[in-house]
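Participant: As a plain string of letters, each chain reads:
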Amino acid sequence: MTTMNPSAPRPARPIPQGRNRFERAMWLFMRFSGLALLFLALSHFGFQHIIVGTHQLTSEDTIVRWGLAGESITLAQLFWRLYYGVMVLLAMLHGLNGLRQVAYDYLKNKVVYNVFMAAAAALILAATALGVIALIVGVNASGAAEALAR
Amino acid sequence: MSALISTVRASLTYRGREGHWLWLLHRVSGLGVLLFLILHVIGMSSAFVSLEIHDRLLEMYKTPPFAIGELALAFGLIFHAVNGTRIAILELKPELWQKQQLATRLAIVIVALLAAPTIIIMALGSINAFFGPGAGH
Chain L
0 MTTMNPSAPR PARPIPQGRN RFERAMWLFM RFSGLALLFL ALSHFGFQHI
50 IVGTHQLTSE DTIVRWGLAG ESITLAQLFW RLYYGVMVLL AMLHGLNGLR
100 QVAYDYLKNK VVYNVFMAAA AALILAATAL GVIALIVGVN ASGAAEALAR
Chain X
0 MSALISTVRA SLTYRGREGH WLWLLHRVSG LGVLLFLILH VIGMSSAFVS
50 LEIHDRLLEM YKTPPFAIGE LALAFGLIFH AVNGTRIAIL ELKPELWQKQ
100 QLATRLAIVI VALLAAPTII IMALGSINAF FGPGAGH
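Line order of the protein sequences matches chains L and X. Numbering that gives the first Met the number 0 applies: residue 0 is where the first sequence begins, and numbers increase by one. Numbering that gives the first Met the number 0 applies: residue 0 is where the second sequence begins, and numbers increase by one.
Calculated from the structure, these hints are not laboratory results. Wrong hints could be hidden among the right ones.
[Unchecked claim] For each label pair, taking beta carbons as the anchor points, the in silico distance ranges come out as:
id, chain 1, residue 1, chain 2, residue 2, range
1, L, A68, X, E58, 50 to 60 Å
2, L, L74, X, S1, 51 to 61 Å
3, L, Q100, X, S1, 18 to 28 Å
4, L, Q100, X, R8, 11 to 21 Å
5, X, R8, L, D60, 39 to 49 Å
6, L, A35, X, L56, 34 to 44 Å
7, L, F28, X, P93, 45 to 55 Å
8, X, W22, L, Q47, 24 to 34 Å
9, L, D60, X, L101, 34 to 44 Å
10, L, S141, X, L23, 31 to 41 Å
[Claimed, not checked] For the chain X half of the interface with chain L, some residues (derived, Cβ under 7 Å), not all of them:
id, residue
11, I37
12, H39
13, I41
14, A46
15, A80
16, A87
[Unchecked claim] Chain X is nowhere near these chain L residues, computed Cβ spacing over 10 Å in every case:
id, residue
17, A24
18, T57
19, V114
20, I132
Even for Gly, the Cβ is constructed at its ideal location relative to N, Cα and C.
My request is simple: use the sequences and hints to build the entire structure.
Facilitator: Below you can see the structure in the form of structure tokens.
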């Protein structure tokens, strides 16, 4: 342990070296995913929530943007699917790791921590899988057609 | 449980001034955005199950509780983005740590400049939808 010189500038949080490869990888992931999400999440929020506005949203917009299941998609729809696919993956993993760090600080009991993180990881990974599968499949309009026919 | 309470209490009462409040708000906003993200992704995925369910969920988003929650989301997202950038820059350039108080205050100013117009525009949109001409449709 080196003695600290109180007047010397201290690094904010040194990169974990050597033994803890996982934490180092996660530390790097949080920076890079955070940088990507800075553009992805803010552009998505700015467009859908501020410029368009939630009150103007209809399911037709969803169909136009993402395309119908079973039909070939346009280049624009492919772009939106990739845009949202990358965003969902990065945001969910960024959130899962952030939650892990917070839980590690507050849940001191190892059993409680493990159970909580297993449940949280299962929920987050299930939601991610649902979102990605949905983006690959496309909008299912058959239910709406049946509803209109009734 | 007592360990949890004392850790949470220490988080709230530690007097680290602005830097500490930003640290605390980064955690709270991160957890809030994560909770919304999970609900939002499950909700939007409904379009791929049934357009009928998707329509009902979109209508639910247009109700007052969701409109208020959306304002909190806007602030949380902007705060987490700006403060996260501050953290990443300070860690990348440790020599800037000497100016950390300036960075902290700069982050607060940028959050205010981005969040204020966003929240005003969204609140006006909601007020118009709930009380303006054609409200209730």
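Participant: Taking the CB of L:A68 and the CB of X:E58, does the distance hold inside 50 to 60 Å?
Facilitator: 22 Å, violated
Participant: So, X:A87 near chain L? Judge it on the closest CB pair being under 7 Å.
Facilitator: 5 Å, holds
Participant: For the range 39 to 49 Å, tell me whether the beta carbons of X:R8 and L:D60 fit it or not.
Facilitator: Given about 46 Å between the Cβ atoms, the range holds.
Participant: The hint says 51 to 61 Å between L:L74 and X:S1; measuring C-beta to C-beta, is that right?
Facilitator: The hint (51 to 61 Å, Cβ to Cβ) holds, given that L:L74 and X:S1 are roughly 58 Å apart.
Participant: Is the distance from the Cβ of L:D60 to the Cβ of X:L101 consistent with 34 to 44 Å?
Facilitator: 43 Å, holds
Participant: Determine whether the Cβ-Cβ distance between L:Q100 and X:R8 falls within the hinted range of 11 to 21 Å.
Facilitator: For L:Q100 and X:R8 the Cβ distance comes to about 19 Å; the hint holds.
Participant: Regarding the assertion that L:A24 does not contact chain X, is the least Cβ-Cβ distance greater than 10 Å?
Facilitator: Check passes; 15 Å lies beyond 10 Å.
Participant: Closer than 7 Å between Cβ atoms is the bar; does X:I37 clear it against chain L? Give me holds or violated.
Facilitator: Because about 5 Å separates X:I37 from the closest Cβ in chain L, which is inside the 7 Å limit, the hint holds.
Participant: Assuming the hint says 24 to 34 Å, is it satisfied by the Cβ distance from X:W22 to L:Q47 or not?
Facilitator: 30 Å, holds
Participant: Looking at L:V114 again, its CB stays over 10 Å from all of chain X?
Facilitator: With a cut-off of 10 Å, L:V114 remains clear of chain X, as the shortest Cβ separation is near 14 Å.
Participant: Can the hint on X:I41 be confirmed by a CB-to-CB distance to chain L that is less than 7 Å?
Facilitator: OK, holds: X:I41 within 7 Å of chain L, min 5 Å.
Participant: Was the hint right that X:H39 lines chain L, CB cutoff 7 Å?
Facilitator: Violated: closest Cβ of chain L sits about 9 Å from X:H39, beyond 7 Å.
This entry does not satisfy hints 1, 6, 7, 10, 12, 18 and 20, going by the numbered hints stated previously.
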